[in-house]
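A.B. asks: Chain by chain, the residues run as shown.
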Amino acid sequence: MMIKTVKRYPYLLCGLLFVGSSYAFAQELNVTVQDQQGKPVQDAIVYIEGSNVKTAKPKVEQDIIQKGRQFHPLVTVVQTGTNIKFPNQDRVKHHVYSFSPAKKFELKLYSGVPATPVIFDQAGTVVLGCNIHDRMLAYVYIVDTPLFAKTNAQGLAVISDLPSGQYKVNTWHYALKNENTPVAQTVNLAEKTSATVKLDINAAVLVIEK
Amino acid sequence: MKFKNLTFKSMRFKTIQSEIIVTFVSIILAIQLIGLIPIGRIINQNAYQSAENDLKVGTSVFNNILEQNTANLTQGAKILAADYGFKSSVTSEDSETINSALSNHQARINADIAIFSSINSDHVIVSGNLSTAAAAKVTSELIAKYKNNDESLNFEVFNMAPYQLVAVPVKAPLTIGWIIMGFKIDNVLANKLQQLTNLQVTFIQKTEDNQWGVAGTTLSAEHAQQLTTATAQHFANKKLKFEFDVDDATYDSSAILLHEENTAIVAVLQQSLTKAMANYQPLKTSLIILVLIGLVLFIVATYYLSKYISAPIKSLSDTAKQLELGNYAVEVKTNRDDEIGDLTQSFNAMREAIALREQKVSRLAFWDETTGLMNRIAFIKAVNDVFNKHGNNQKPLAVIVFNIDRFKMINKILGRAFADKLLALIGEKLSATVKKSTDVVARVGADEYGILLTDTEEQSAMRVAERLLAIFDEPLQVEAQYIDVRMSGGVALYPQHTADVETLFIHAETALQVSKIKKSGLVLYDADYEKEIEANLTLVTELKKAAKDNELVLFIQPKVNFENQSVDTAEALVRWQHPTKGMIFPDQFIPYAEELGVIQEITHWMLEEACKTVVALKAKGILLKIAINISTRDLIDQQLPRIIMDLFSQYQVGPEAISLEITESSIMDDPIRSEQTLLKLSEMGLNIAIDDYGTGYSSLAYLKKLPVQELKIDKSFVLKVDQNEHDATIVRSTIDLGHNLNMKVVAEGVENQASWDLLNSMGCDVGQGYFMAKPMHVNFFEDWYIAWCESANQQAVKHDKKSPLTRAKKLDLH
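Residue numbers (my numbering), protein chains in the order written: chain R, 11 to 220; chain S, 108 to 921.
Each hint should be verified, as a subset may be incorrect.
Listed next, the in silico DSS-like pairs over lysine-lysine satisfying Cα-Cα at most 30 Å (straight line) [as the list claims (entries may be wrong)]: (1) S:K488 / S:K502; (2) R:K103 / S:K252; (3) S:K502 / S:K163; (4) S:K252 / S:K278; (5) S:K382 / R:K114; (6) S:K185 / R:K77; (7) R:K187 / S:K252.
Some chain S residues well away from chain R (every beta-carbon gap over 12 Å; in silico) [as the list claims (entries may be wrong)]: (8) P280; (9) N298; (10) G320; (11) H685.
Quick list of simulated restraints, FRET-style, between CB atoms [said to hold, decoys possible]: (12) S:S238 / R:E71: 35 to 41 Å; (13) R:K49 / S:A343: 46 to 52 Å; (14) R:E71 / S:E203: 37 to 43 Å; (15) S:K345 / R:T196: 56 to 62 Å; (16) R:G78 / S:N170: 36 to 42 Å; (17) R:E71 / S:N236: 50 to 56 Å.
Because the hints were derived from the structure by calculation, they are not lab data. Don't be surprised by glycine CBs; every beta carbon is placed ideally from N, CA and C.
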């Protein structure tokens, strides 16, 4: 069983203070995300923003598939400007939509893969739904940085290829009680390459995936 | 019965019947009532239970309907919330579109209000008669509840009006806002609920400023207002079940708290207990009717039972009262075998026994055993009854009283048994002769009969009386023995003689008395008799004096010997030289003197006068023996021989001076004492004669025993002896009889020569009568005697036996 984190509204991303110092050494940052009880939190988004972060081109395409009347994955994190395709692997049709300000769109009843992908060109949170199946829900978190990761079932997110230095590490989860405000933490890679982030999780909002 | 004593100690019943009825009816009434109380309670309980059930079911239905309403509202709101276009409108914050969508869906489900609220309630759109501001506050509260998954029925007060509300989130897919829909709680809802629950429904709300008011009701405004006040009170006491009284109805009420915060909404459901009771009214009515019918049947049954028990007792009691009054004829009928039957039979036996005894007693009291006739009391009563019966319309009546002459003698001589039979026979004869059934014959004295003749005038009364008297013309036969009975009778008439019953009888007896004295057979009452009797009574009183005062005069009538016409004896007779009334003959006072006991004085006077006369005549050379009549009373008087002895010694005379004459009847009154006296007198040497022989009943056998030397034939046989063969036969046989008994026979009442000759030829010894001499004053006797002797001597010479008559006429000196 996997834990899929859910978030309600898209939010403006908070600025992340980045203090770059030893950029020369590419390093790995392991961030463990835990809830109030210290349990690992899955589907948390860990991303690093700052002036010392070199801009890279986003991945061209991502897939959010619909299968078993569910979106997969539950939480998707993409860099601004990423195209996302919505292949429908169910035999029923879906009508995918978003009323989120970061990206409003709808893919009217379709089967298979729509012709054109949807481009997510604005940072924020987009909540996806299906007009046919109310229970279908997915989050797309759009960040203005290529440095991001999603926690696994053990609550661990790994951001690799980091030059050493001091970074502002943001952590967001769809079930955050203070839902639109990511938790920020400053990490000096020279001192440590791992960090633990504690989140105030609204357990009621957690989506339990099958 | 202990029970009875306990229960009815203080009650007194006049009749057993009422006692039984009251006792049993009270018991059955108590049982019925005791039965009715729990039944009534059960009915009430059932009515309550039924109302309670109605209320329970109604409440359940009520809740279902409200839930249904909620479901309807939810359904309507969800449809809107799920609408993609609506979601789109919301995200685009297109207020007008949202409002129109709300109106549209509100109308679809007939909701009274529809509201959209943004997730933070900072954006509220209202469709309905409500301001946004008023709605905002309530919506946030409502949404908060829903967020906490409290999706129960929700009621809120908006703007002073209560609503049933639902809130439904608008999801896209996360919640982006809320749709709130609601029905207003008002009379319309109350009426609809009433139709479905069959209960009275009232919604009451409490506003924020703690004011209670009616939101909707099925009751009248006035009742609803009262209910609100009552509910507010109960609500303050946390009492949700209560009874509500209004006017003439009682409601079982159940309050349901729909909402309570600052405001409150209470639904009061009510079932009319009165109505529930009313459902049982026919049952109650029929129960009461059944009880009444039962009671009536029981009373009727008890009535007849008690009557069955008490009627014979009452009948016995009534009969006992009748017995008390002397009515023994009432028989109490019974065909019962129980104790009452036994009692009745015993009672009847007792009644008959008493009747029999009473009859005996009354027979003794009112009936004469001997004759089977009424007695004196009954006779007087019978006369009275006839009077009372006819009242003022009284017809004439007659009362006759008959008395048997010399009955005492019959009784003595023939014996009591014989006399009784004679009395009975006379009674029978009298009864047989009296014709009318209303006439009454009674024995009113020892020898006296009373006869009442109804509706009878003087003539007819006398005719009947004569006829009755005629019965005794012939001798009566008793036990093969014939007896000559003479009767005296007195008759009194109503209204001729008296208007009074008592007096009528007394008058008849007076007439009888007169008849007795005068020996006149039948006497009709005359008012003069009263005076006469009174006069006679006076006479008797005077007579007592007369003996002392020398008013009495001694007369003598010579007795002549047939053989030689010599006179050696004379019978003494008394006359009364009354100072005012002149000479009174013995017939007029001797009977009274005998009757009233003055006769002894007269006898004594005569004895003395006789002695004097004899002595005086003797002095003149005439030897005369004077015969004195001795009455019954004298004979009974044991002193008589001594008195005579005294006189003899006083006047120096002996038995040659005096002889005695007694009647048959005078002996019979007291034969033993009379015989004793006679024996003494005879021993004294006195000559004793039986006077008036032939009128009595004495047998010669009896006479033979008496010391009697002379028999005087009653003048009734002698007066016409010369003309009447029958008399002559009697006289002759009497003379023979007397001679056979060695008695001298004297004939009284010799009035003519023919009689004298006949008697002489019959051998009669002595004659006495007017033919020879009338009674004469003693003073004239001497002259008469001398004349008689001279004549006798001449006759003796001439042998002319007819001469005494002529001489006697010549010598009639008185």
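A.B. asks: So, for every hint listed, does it hold in this structure?
C.D. replies: Hints and how they fare:
no., hint, in the structure
1, S:K488 / S:K502, "holds, 17 Å"
2, R:K103 / S:K252, "violated, 36 Å"
3, S:K502 / S:K163, "violated, 103 Å"
4, S:K252 / S:K278, "holds, 17 Å"
5, S:K382 / R:K114, "violated, 66 Å"
6, S:K185 / R:K77, "holds, 26 Å"
7, R:K187 / S:K252, "holds, 19 Å"
8, P280, "violated, 3 Å"
9, N298, "holds, 38 Å"
10, G320, "holds, 40 Å"
11, H685, "holds, 174 Å"
12, S:S238 / R:E71: 35 to 41 Å, "violated, 52 Å"
13, R:K49 / S:A343: 46 to 52 Å, "holds, 50 Å"
14, R:E71 / S:E203: 37 to 43 Å, "holds, 40 Å"
15, S:K345 / R:T196: 56 to 62 Å, "holds, 60 Å"
16, R:G78 / S:N170: 36 to 42 Å, "holds, 40 Å"
17, R:E71 / S:N236: 50 to 56 Å, "holds, 54 Å"
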